[in-house]
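S.K.: Each chain, letter by letter, is given below.
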Amino acid sequence: MSPELLDVAFLETQTPAAASGYGEAPPRMGFFTDTSVCIGCKACEVACKEWNHVPEDGLVFTGMSYDNTGGLGADSWRHVAFVEQRKPLGFQESGVEHDGVGETTELRWLMASDVCKHCTHAACLDVCPTGSLFRTEFGTVVVQEDICNGCGYCIPACPYGVIDQRKGDGRAWKCTLCYDRISVGMEPACAKACPTDSIQFGELEELRRRADRRLEQLHAAGIADARLYGRDPDDGVGGDGAFFLLLDEPEVYGLPPDPVVTTRDLPSMYRHVAAAAAVLLAGAVASFVRRRP
Amino acid sequence: MNRTEVTKDGLTHVRPGREALTGAIEHAGPRRRRGAEQAMVPDAAFTSYYGKPVINKPVWEAPDIPGYLFLGGLAGGSALLAAGAELTGRRRLARRSKVAANAAAVLSTAALVHDLGRPERFLNMLRVMKPTSPMSMGSWVLAPFGGISTVAAVLDLLGRLPLVGKLATFTAAALGLPLASYTAALLADTAVPSWHEGYREMPFVFVASAAASAGGLGIAVAPLHESAPARRMAVAGGLAELALSKVMEKRMGLPGEAYSEGRAHRYMQAAEGLTAAGAVGAVVGRRSRVLSALSGLAVLAGSVCTRWGIFHAGLQSAEDPKYTVVPQRERLRLRGQRQPVRV
Numbered sequence: 001m002s003p004e005l006l007d008v009a010f011l012e013t014q015t016p017a018a019a020s021g022y023g024e025a026p027p028r029m030g031f032f033t034d035t036s037v038c039i040g041c042k043a044c045e046v047a048c049k050e051w052n053h054v055p056e057d058g059l060v061f062t063g064m065s066y067d068n069t070g071g072l073g074a075d076s077w078r079h080v081a082f083v084e085q086r087k088p089l090g091f092q093e094s095g096v097e098h099d100g101v102g103e104t105t106e107l108r109w110l111m112a113s114d115v116c117k118h119c120t121h122a123a124c125l126d127v128c129p130t131g132s133l134f135r136t137e138f139g140t141v142v143v144q145e146d147i148c149n150g151c152g153y154c155i156p157a158c159p160y161g162v163i164d165q166r167k168g169d170g171r172a173w174k175c176t177l178c179y180d181r182i183s184v185g186m187e188p189a190c191a192k193a194c195p196t197d198s199i200q201f202g203e204l205e206e207l208r209r210r211a212d213r214r215l216e217q218l219h220a221a222g223i224a225d226a227r228l229y230g231r232d233p234d235d236g237v238g239g240d241g242a243f244f245l246l247l248d249e250p251e252v253y254g255l256p257p258d259p260v261v262t263t264r265d266l267p268s269m270y271r272h273v274a275a276a277a278a279v280l281l282a283g284a285v286a287s288f289v290r291r292r293p
Numbered sequence: 001m002n003r004t005e006v007t008k009d010g011l012t013h014v015r016p017g018r019e020a021l022t023g024a025i026e027h028a029g030p031r032r033r034r035g036a037e038q039a040m041v042p043d044a045a046f047t048s049y050y051g052k053p054v055i056n057k058p059v060w061e062a063p064d065i066p067g068y069l070f071l072g073g074l075a076g077g078s079a080l081l082a083a084g085a086e087l088t089g090r091r092r093l094a095r096r097s098k099v100a101a102n103a104a105a106v107l108s109t110a111a112l113v114h115d116l117g118r119p120e121r122f123l124n125m126l127r128v129m130k131p132t133s134p135m136s137m138g139s140w141v142l143a144p145f146g147g148i149s150t151v152a153a154v155l156d157l158l159g160r161l162p163l164v165g166k167l168a169t170f171t172a173a174a175l176g177l178p179l180a181s182y183t184a185a186l187l188a189d190t191a192v193p194s195w196h197e198g199y200r201e202m203p204f205v206f207v208a209s210a211a212a213s214a215g216g217l218g219i220a221v222a223p224l225h226e227s228a229p230a231r232r233m234a235v236a237g238g239l240a241e242l243a244l245s246k247v248m249e250k251r252m253g254l255p256g257e258a259y260s261e262g263r264a265h266r267y268m269q270a271a272e273g274l275t276a277a278g279a280v281g282a283v284v285g286r287r288s289r290v291l292s293a294l295s296g297l298a299v300l301a302g303s304v305c306t307r308w309g310i311f312h313a314g315l316q317s318a319e320d321p322k323y324t325v326v327p328q329r330e331r332l333r334l335r336g337q338r339q340p341v342r343v
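First to last, the protein sequences are chains A and B.
With the working numbering as the guide, the letters of the first sequence map in order to residues 1 to 293.
With the working numbering as the guide, the letters of the second sequence map in order to residues 1 to 343.
So that you can see chain B by itself, here it is in the shape it has in the complex:
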């Protein structure tokens, strides 16, 4: 193959190296530019590399991560409910919501640590404070929330230091606001199409879901004469959760279709059924302790299903190159250029 020779006049038959042209062009020279014809036809179907996904699928697993999304919302929502109950003298709703907020915070932290590839290094989460990372900001919300919600719950149960307890209750409620909402940015700040494209609506879905779950639990655990605010939170939150989820799916375009497929679809449908039934039950059965409790738990379960549905929709959209390639192609087409390249 290599015919390079050293002669008196230097090298002959030198191979072209990095200047090499592809195959036949050296022999044939330019022919018809058939390649250019294709460029005029818009992509009807998308192409991919053997159907392989473009992005790497999240390694996050259920139940840890969807469970964390749910528990973070429940913790934040319950902290708010506890503060409201404290202010309005609903002693039992306050106490039980404080315990719920704390238990959810502890469980959610356990879920997060369990999902780490190196759980023994969980404290590295607090090594830096990095606004470009929602996970870093979330860690800096969750850590103090865990501590303060413990103080609030324990002091209430012991009946000691009421002023410190009040302060802890209100601080936990303040931290509960970002805790219940930031998880939407956590998911959306990825290249996963069915998460990222929902970044405008998902925070609202998540706070609605948080209010629904906290309210649902509140109805389930508080006596009837104290549970009216929890009932309003559960019903309004649950209905908002359903409506906003639909809006999010619709506005996303193609990546929204992942919510109507496979596991994600089943969870989203279950969420609809449970939340709707729970909301109706919470209103109709407001004079029955048993019906109220069941309805509250149904709304709570609906919130769980919403989180699982959104989680799986993201995984499904990461596995199929269609969700990555087609919207990006469309974006390029709308920008009026064929390639992100210099031609």
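Next up, chain A with everything else stripped away, as it sits in the complex:
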């Protein structure tokens, strides 16, 4: 064991990259997606598809506002959610006024670009039996498509429903946080294409500071429902590498309100498995013990 691993201060401050064995790693990179300035243009979805050569996966009419993408999956690594609400929360001006009624219509339209969270404790990576999923030096989580054998374990392991199996291909695919682009100092395609800076890419520490300031600004302006999602390093997944500023409950956007990395309970699962195996052995032995010799 290297001396660093015995150093408590190091363990407390280490990044996912360092915990994964990178000796010298660049700062942890991530996304801060500020949905309060998202205009629903889907430039992120298009840029991601183009840059990463993500195939078309069917043109389906969902009837869900302007969202015909549906959700994240093997062929949608960015997904813009559209939520139409009959709520005056956030004091959003709908721009719809009716003469004689005297009241502005109480409607707000939430838009949010969802993406892989690149969790600090990533369940997909933990359960991958082939080592295809790995932690990059930037602290992100990436699938090596030349290793993946399509076992599908990562798919139900993800608490956010991000990764999925590509039809006709059999392997699991998801956002790489543009590993190719950030490796040469460029920003990911979605962030590059975002016209309002709703998607901000950068060092996670800087993004967290920026998000805290933005949250203060919105709260000061009276937008009480603004909240950060995935910002807290003490949450069930150890904080997200890609986190969000939301204007409503996470589940309104299709996000889990309290995600937990399933492998947090794995030690206990193994203990229960071991106890069950012991019971099975005892039962088998008892079956062969003659009651009346």
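The hints are simulated quantities; they were obtained by calculation from the structure and are not laboratory data.
Predicted model, so just to flag it, every value in this text is computed and none were measured.
Among the clues, some could well be false.
What the hints assert, rightly or not - Output of the computed footprint for chain A on chain B, the stretches with three or more beta carbons under 8 Å from beta carbons of chain A:
hint, segment
1, 12–20
2, 52–62
3, 174–185
4, 223–233
5, 322–330
Said to hold, decoys possible - Residues from chain A that keep clear of chain B, each with C-beta distances beyond 12 Å, as calculated:
hint, residue
6, L59
7, D180
8, S183
Stated by the list, open to error - In silico negatives: residues of chain B with every beta carbon more than 12 Å from chain A:
hint, residue
9, G147
10, L157
11, P162
12, G253
13, G273
14, L294
Just so it is clear, CB atoms sit at the ideal spot from N, CA and C, and this is done for glycine as well.
Take the given structure of chain A and dock chain B to it, following the hints.
M.R.: Leaving out everything else, chain B in the frame of chain A:
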């Protein structure tokens, strides 16, 4: 729209960019904080994004994966039965259980490979050994089990190398213990509510089901004078399987309700009927070869239905956002905080 102009004094009418505030606030300023009122009311109903599931549904399919759960249990249980029979001189029970263990191991491996998105890459399962992945650990149990159970079965059938055969039989039994139980961790180590929330009880359900299926098959294939231990395994295993399944569903809370819906419910009910009937039949008909065989097969079929029921309960719980959102909301409420956020 864009009225930004460049003047001698710099830019005027600059758009706020990422500092923009939502809509009317620029004109109206803060009004009543109606949003805060809602936060005081506990969630009576849950909200979701157009009723879409939060997690992605497993791509695992029947019969491959529930079949694997069953066959893995049958293989492990039969290996144990074979070792016991070997030790107590029950030659035919031993031989047939060894063959059953090996056949189940081979079939279960085939089912697993068939379910892969890229079956030709199945050997990548042994590329690393990863304790954080029950599937990796399972592969490292199943692979040697397959080889050793083949040695045990073939040597018994050929009647050669009895010492090596014995060693293989006992090694297979030792590997059969994790083989029959780890599949519970395989399912539970996911975000699927009706699997994950059962992680404490499911290993016990699975070993009971494994004992029931191996015992059931043992009664069916072994002569009456050798099948008493198999009968005890089948009856005790079957009854434990039924009781523990109920306990698991109850203790899970809301995700346990998925076991009482749709296909999962039908399979769980079929499991109850088959296992109960088989257990009674195995006791009552213990002097009849035919009744014993039928009862054994009924217990075996009950084990199959339990695995299918648990498999489908998981899929059903993944499809309905209720099972993901409501327990997580409840967890947050119990922790005494509204959001996993900094407000």
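S.K.: Now tell me, hint by hint, if it's right for this structure.
M.R.: Taking the hints in turn, this is what the structure says about them:
1. Remark: the segment 12–20 of chain B is confirmed as covered by chain A, as 4 of its residues place a Cβ nearer than 8 Å to a Cβ of that chain, reaching the required three.
2. Counting residues of the segment 52–62 of chain B whose beta carbon lies closer than 8 Å to any beta carbon of chain A gives 9, which reaches the threshold of three, so the coverage claim holds.
3. A stretch counts as covered by a chain when three or more of its residues have a beta carbon under 8 Å from one of that chain; for the segment 174–185 of chain B and chain A the count is 7, and the coverage holds.
4. Coverage of the segment 223–233 of chain B by chain A holds [criterion: at least 3 residues with CB-CB distance below 8 Å; count 4].
5. With a cut-off of 8 Å between beta carbons, the segment 322–330 of chain B has 4 residues touching chain A; three or more are needed, and the interface restraint holds.
6. With a closest Cβ-Cβ approach of about 18 Å to chain B, L59 (chain A) is found to remain outside the 12 Å limit, as its non-interface label requires.
7. Non-interface call for D180 (chain A) relative to chain B: holds, since the shortest CB-CB distance, roughly 23 Å, exceeds 12 Å.
8. The claim that S183 (chain A) is not at the interface with chain B holds, since no C-beta of that chain comes within 12 Å of its own (minimum 24 Å).
9. Annotated as non-interface, G147 (chain B) keeps its C-beta farther than 12 Å from every C-beta of chain A; the closest such distance is 19 Å.
10. Every CB of chain A lies more than 12 Å from the CB of L157 (chain B), the least distance being 23 Å, so the non-interface label holds.
11. Every CB of chain A lies more than 12 Å from the CB of P162 (chain B), the least distance being 20 Å, so the non-interface label holds.
12. The claim that G253 (chain B) lies off the interface holds: its Cβ sits roughly 15 Å from the closest Cβ of chain A, which is beyond the 12 Å cut-off.
13. Every CB of chain A is more than 12 Å from the CB of G273 (chain B) (nearest about 23 Å), matching its label as outside the interface.
14. Interface exclusion of L294 (chain B) from chain A stands, the closest Cβ pair being 20 Å apart, more than 12 Å.
The structure is consistent with each of the numbered hints, conforming to all of them.
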